Each structure stands twice: as structure tokens, then as C-alpha cells.
Amino acid sequence: MKLKNFIITFVSAIALLLSTATISFAKVVGDKIILGAAVSLTGKYSSNGVHTQNGYNMAVERINSMGGVKVGGKTYKFDIIYYDDESNPKRAAQLAERLISQDGVEFMLGPYSSGLTKAMAPVTEKYGVPMVEANGASRSLFTKGYKYLFAVLAPANLYLDVAIRTAVELNGGKGVKIAQAFEQDAFSQDVRLGILDAAKDTGSEIVIDDKLPKELNDMAATLAKVKAVKPDVLVVSGHTKGALTAIRQIAEMKVDVPMLAMTHCDAAKLSKQHGKNAQYALCASQWHKTLTYKDKWFKDGMTYDADFTKMFGYAPPYQAAESSAALLVFKDAFERANSFDQKKVRDALAATDMQTFYGNIKFAPGGQNVSKPMVLFQVICDSSGKCENKVVAPLKWASAKLVHPVPKWSER
Amino acid sequence: MNKNLIIYLLILIFGVAAPFIFPAFKVQLSILCVLIILAITWNIQGGEMGYNTFGNILFYGLGMYLCASVQVGMFFPLAEWTESGGEKTFVHTPAQFFQGFAAGLAVAAIVPTIVAGLIGYSILGLRGHYFAICTLGLGVAAGEISGGIEIIGAGQGFTTPPFPNIGSLEARGEFFYFCSFVTLVITFIAVKSIYTTRFKLVLNAIRDNEDKAEAMGIQTMKYKIIGWMISAFFCGLAGGIMGGLVGYIDSTDVAFDGREMGVFMVLMAILGGKGTLWGPVIGATIFHIFKEGFWTFFLGWQYVALGVLIVVIVIYFPEGIMGWLREKYPERFGEVVDEADRKAQVELK
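Chains as they are written, first to last, in this note's numbering: chain S, 1 to 412; chain R, 1 to 349.
For the record, the hints were derived by calculation from the structure and aren't laboratory data.
Keep in mind that a hint or two might mislead.
[Said to hold, decoys possible] Beta-carbon label-pair distances, calculated as ranges: (1) Glu335(S) <-> Asn165(R): 27 to 33 Å; (2) Ile310(R) <-> Asp295(S): 47 to 53 Å; (3) Ile310(R) <-> Glu335(S): 45 to 51 Å.
In this text, all values refer to a predicted model and were calculated from it rather than measured experimentally.
Backbone N, C-alpha and C define an ideal beta-carbon position, used for all residues, glycine too.
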């Protein structure tokens with residue numbers, strides 16, 4: 001008796017709230033193709049999440065203003081429903097479910113980072129929702145037999161493979177001593193596996209193999225070891241924060257290594273943020289503006305760079321470029337499938353073979369893009385102190401010569 | 001009494017029917033059940049016993065990892081499953097999946113209970129802020145440690161076995177909803193019946209004055225440990241279910257997620273009114289609805305909105321919703337207010 005009225009009111013209030021929440025079924029409404037995306041607008045991946053979102057938005061605007069997508073003789077425009085996954089895999093999985101079952105989305109774009117993609121892929125797979133993702137590179141995404149997952153980027157284990165091979169080559173084909181430090185996340189751990197493979201292949205020796213915490217703010221302990229052991233190559237990977245922390249502390253502690261290889265230099269805007277301290281850092285990148293790929297929407301890398309800078313006020317890191325490319329892939333697949341049937345679109349995606357400003361795109365059966373190599377660039381500064389990322393490998397696109405070994409701090 | 005029974009039956013029927021009435025919200029409803037379990041169990045310490053713990057997330061995370069590990073390990077080599085590259089792909093048959101999950105849940109409930117007993121023995125001697133800080137450390141440490149253990153995937157994370165293809169697409173959602181709902185019902189009944197015994201009075205005595213309780217001859221340590229073990233049992237179950245529901249376990253972001261789940265369970269209990277049976281249930285429900293709403297309508301600002309909500313709660317409802325109601329309508333809570341007597345007392349003062 002005591003609580004009766006209150007509990008009845010309470011239960012009916014919840015029922016009312018749930019039932020009034022709108023459920024819309026929205027794959028294609030009028031002339032709009034609605035894609036769903038959960039990106040990290042807050043949390044530890046927020047800067048890269050925003051790059052991803054900007055890349056998507058830029059491509060949507062460009063494709064829509066250039067005539068949209070033609071399916072079945074009708075023109076459609078892209079639209080994206082965004083949610084914030086807070087850089088949290090649990091949230092990402094929940095949002096994938098929500099986009100599909102509540103918002104009725106039938107085609108998805110990927111989130112930022114491998115961990116979040118790993119959390120979302122089982123959901124999209126279960127519902128048979130094709131997902132083109134641009135920011136989940138972990139190799140384990142492509143070995144699970146997912147049929148509806150397509151990644152426009154090269155898998156993570158290839159990121160720094162070239163760096164190790166280059167170091168070995170410069171060492172006269174003899175193995176080198178490698179020190180490595182990786183953040184505890186799916187992507188960086190995969191980069192690590194790539195290094196282990198490369199080391200085994202080239203007969204190199206791993207002398208330091210550290211794991212660093214997420215939200216990487218301090219790696220002084222690793223660097224102290226590096227100073228003592230004097231390896232030939234130091235490899236660091238830990239998203240944007242990792243890159244910034246590494247450069248800051250290497251400069252502070254004046255750590256001398258002949259080669260410093262890392263990831264996420266351009267997303268971290270290293271050459272701008274740390275200027276000369278970042279000089280000679282060697283970075284793996286999915287894309288660079290000087291590459292000579294072309295397409296009809298963005299023309300080429302230089303034009304994309306200029307247009308993006310005009311629109312968002314900063315130069316596009318590769319995370320933005322690959323995100324834009326994901327939309328181009330979707331457009332192409334819709335037009336070839338000439339249908340909005342998920343299976344047909346999926347088959348069209350699997351048969352993708354195209355060139356975009358970002359690179360060639362052709363998917364392996366596992367879903368990864370196999371026709372686009374990674375590039376390595378080096379941060380190089382001129383005498384006035386202005387620093388730029390210059391491609392140094394592969395040789396086909398190299399616009400500068402690799403500086404090796406890196407000059408000692410005492411000589412800079 | 002009969003009327004109470006009818007109310008409980010109505011709620012039960014609503015719970016059973018919910019996933020069919022709101023088929024699109026199954027995942028949210030399952031998560032709601034898990035949140036309520038966490039809030040109810042936190043309330044045993046934070047509300048009834050007066051020990052503000054941030055450590056319950058430890059049991060939740062442990063349960064999650066254990067359930068998934070057992071589910072995989074019973075049929076396949078765990079190390080190969082989680083092997084960083086994930087090169088090997090194993091597929092559970094439906095029977096294997098459900099047997100594994102059931103065994104996993106059993107382990108996910110029992111092991112955290114034992115752990116709670118061991119840890120409780122060593123740290124429940126701490127009081128007040130010291131206990132809170134110590135438990136906060138437990139969750140953080142567990143997250144960092146599990147992030148380095150290769151066999152459970154370390155930094156790569158642990159993909160739990162995918163739900164087998166049986167029946168429709170809805171089967172997975174319904175399965176996990178009913179798992180979490182049944183667990184919630186069991187938790188509620190268990191906690192409710194505990195609250196009718198002397199045990200609850202002892203916990204309250206500890207909260208109100210532990211030294212006096214001890215002086216009365218109560219072995220407070222024993223009761224504190226048992227209380228924590230009960231919480232751990234249900235937190236472990238909740239974690240195990242959540243792991244299967246999310247499908248991907250990450251050490252610090254999903255399992256030992258002290259920053260979110262660990263704080264949410266405290267917030268929910270306080271919002272609803274700690275030290276009451278229904279408070280955590282109501283708090284969790286309102287919190288979850290608000291949170292989902294903020295996520296939809298204040299994209300990018302959801303935490304600011306949530307922050308404002310918390311501030312409003314602390315300022316206007318310091319005793320939580322149940323506490324506020326109790327003050328406002330004491331007669332509904334079975335407290336007899338004799339107007340004449342109250343007036344007489346006021347005049348005396």
C-alpha cells in the first residue's frame with residue numbers, strides 16, 4: 001500500500017517515455033541516402049574523431065554538390081547521422097545497435113580507431129549492414145571472416161614495416177637493434193606485431209619491448225633505457241598523444257637514436273606543435289598530399305589539401321583523407337549495384353576497383369585494401385625553422401632524401 | 001500486502017513484455033537491467049553500510065573477463081583465440097555457446113565473491129575516505145594489470161564468441177535481455193529478503209556508529225566482508241552478461257571501466273536515494289533515460305548536460321529521490337505523523 005501510487009506512476013511514466021521515443025526507418029528517405037556513423041567527439045580519440053567526421057562531411061558536401069549518387073535513374077544525396085562514441089568500445093557497440101535497430105540505418109561508416117571498429121563490426125555483421133570504414137587498421141579485423149566490413153586503409157601491421165626494412169638496408173643488410181614502445185591498444189599492438197615479423201625476417205634484434213598505458217603522458221622510463229642500450233631504431237606508436245609525448249620527452253631528455261619511427265605524426269601536427277624538436281622523425285602514413293593519385297571529385301592530393309584547409313582551417317591529416325575516400329567508395333558501389341539492397345551493395349563493394357585521390361582501392365576477401373602501399377615521411381625543417389613532412393619512401397613518390405642517421409642533439 | 005504483490009506482478013509482466021513492446025530498445029533495456037543491478041549492489045555498501053566503495057567495478061570487470069574466458073576456454077585453446085593477430089577463427093556451435101556461457105556466468109559469480117572475501121579481509125578495516133581511495137585504486141590497478149595479460153588479449157582486447165545463428169536476428173537481443181532481466185529479478189529478491197533480516201540492521205549499525213556496534217558485541221568485520229561478497233556475486237554476474245552483450249572486452253574501457261560504470265553506480269544510487277531498496281532502481285532508470293536522451297539531443301555536450309543534472313541532484317535532492325519523497329509524504333512510507341504531537345513539539349521548542 002505504502003508505495004503503490006508512486007510505483008504505478010513511475011512504471012507508467014517509463015512506459016510512456018519509451019513508447020513516445022520515435023522509431024524512424026530511414027535508409028533512403030526521399031532523395032537522401034542516410035548513412036550512420038559513430039565517431040569519437042569526446043574522449044581520448046576526440047582529435048582524430050573530429051578529423052574523421054570532417055573527412056566524411058567534406059566528401060558528403062562534394063559528392064552532393066557534384067550531382068549526388070545516381071541509382072535506378074534517380075539522383076540521391078548523402079546524409080549522415082552522427083553519434084558520439086566517447087572513444088569507448090562499449091558505447092560504440094551500443095550505438096551501432098542503436099543506429100541499425102532504432103534509426104533504421106542500412107549502411108554504415110566506420111568509427112575512429114581499431115578498438116572501436118572491433119566492437120562495432122560484430123553488430124553490423126549480424127544485421128548484414130555494409131560498413132565501409134576508414135580508421136580501423138588492426139589486422140585481426142580482417143581475419144575474422146567478416147563479409148560486410150570494408151576498410152579503405154592498409155592493415156596496421158604494415159605501418160612501420162618499411163621503416164625497419166629501410167634501416168636494415170642502410171645497415172648493409174645486417175640486422176639492427178630495435179627498441180620499441182607501444183600503447184596498450186588494438187592498433188598499436190598490431191603495429192608491434194608487424195615490427196616483430198619484420199625483425200624476424202631481417203634477423204634484427206628487439207632490445208627493448210615496452211608496453212605503455214593508454215592516455216600516454218609519460219614514457220621517460222622507456223627513454224632512459226633507450227639512452228643506456230643505444231638501439232639503432234626506436235619505434236613508438238600510441239595515437240596522437242603518443243606521438244606528442246614521445247617527441248616532447250625525446251627532446252627534453254636529448255635521446256640520440258639513428259632512426260626514430262612513429263605513427264600519427266600528421267594527426268598530431270608534430271611539425272607545427274614541436275617544430276625543430278620533431279625534426280627527422282620518420283612517420284608511417286596512409287596518405288600524403290604529394291602522392292599522384294587522381295579522381296574526379298577531389299582531383300588530387302594537393303587540391304584536397306587546399307580545399308580541406310579552406311573548409312576547416314587546418315591541413316588534412318591522412319585520417320581525414322581516408323574518411324573522405326570511404327564516401328567515394330560507397331558512392332561508386334551504390335551506382336554499380338544500382339540498388340539499395342544490402343546484399344547487392346555488399347557485393348558491389350567487394351568488387352570495388354577504383355582510384356581515388358587517396359589511393360587505389362581494391363578489397364581482399366578479408367575486407368582490407370590491398371592495392372595501396374603505406375608511405376613514410378620524415379619531418380624536415382629548413383634553415384628558417386619551418387618544418388614540413390616530406391615523403392622519403394617508397395622511392396616512387398619520394399620528394400626528399402631520407403636523413404640517416406639522425407644527427408645527435410649535441411650537433412643540432 | 002496483497003496490493004504489493006500485485007504491483008510486483010505488474011512490474012514483472014512489464015519486464016517480460018518490454019522487449020516485445022519495444023523491440024528496438026532491447027540493448028538499452030538490457031543495459032538498464034545491468035545498471036540497476038550495479039546500483040542495488042553498490043547500495044549495500046554505500047547506502048546501508050556507509051562504506052563508499054569505488055571498487056565494485058573490480059568484480060564487474062573480473063566477471064566479464066572470466067565469463068568470456070570460460071566460454072572460450074571450455075572448447076578451444078584460449079591463448080590461440082586471443083592471440084593478438086586473431087589469425088585463428090573458431091566457431092562455437094549453439095550448444096557450445098550456451099553451455100559455455102552458463103558455465104562462464106557461474107565462474108563469473110563465484111570467483112569475484114571469493115576475491116571480495118580475500119580483499120575485504122585486508123582492506124575493510126579502513127574507514128571513510130581511506131576506504132574510498134583504496135578501492136578506487138583497486139579498479140585502476142586491475143585495469144592496467146589486465147591490459148598486460150596476453151592470454152586475455154592484453155591491449156588488443158578480447159572479442160567474445162559471436163552469438164550463434166539460431167532463429168531470427170532478434171534472438172541475440174532477447175537472449176541477453178532475459179539473462180540480464182532474470183539476474184536483476186534474482187538480485188532484487190535476494191537483496192530485498194536480506195533487508196528484512198537482522199543482517200541489514202547490523203549493516204545500518206555499522207553505518208551509524210561502527211565502534212558502538214562493536215561494543216555491542218557485533219563482529220562488524222564479518223558482516224562487512226559478507227556484505228561485500230554478496231555485492232561481488234551479483235556484480236560478477238552483471239559483468240559476465242555485459243561482456244557477452246557488448247561483444248568486445250577492453251581492459252580499461254569496457255571491463256574495469258571505473259571512470260564510467262564505476263562512477264555511474266555511485267551516482268545512480270545517490271540519485272535514487274541511498275539506503276533504500278527502491279532508490280537505486282529508480283535512480284538507475286532515471287539516470288539511464290536521461291543519459292540516452294542527452295546523447296541524442298546534446299551531441300558532444302552530453303557530459304555537460306549530465307554534469308548539470310548531477311549538480312541539480314546534489315543541491316536540490318541531497319537525499320535522492322526516495323529521500324525527498326519520504327520527507328514530503330512520510331505517511332506513504334508507513335511513518336505515522338501525529339499532527340497534534342508534532343505541533344506540540346514545535347511549540348515546546
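Structure-based check of all given hints:
Distance hint for Glu335(S) and Asn165(R): a CB-CB separation of about 32 Å, consistent with the stated range 27 to 33 Å. For the pair Ile310(R) and Asp295(S), the supplied restraint of 47 to 53 Å holds, since their beta-carbon distance comes to about 49 Å. Taking the beta carbon of each, Ile310(R) and Glu335(S) are about 49 Å apart, inside 45 to 51 Å as hinted.
Checked against the numbered hints given earlier, the structure satisfies every one of them.
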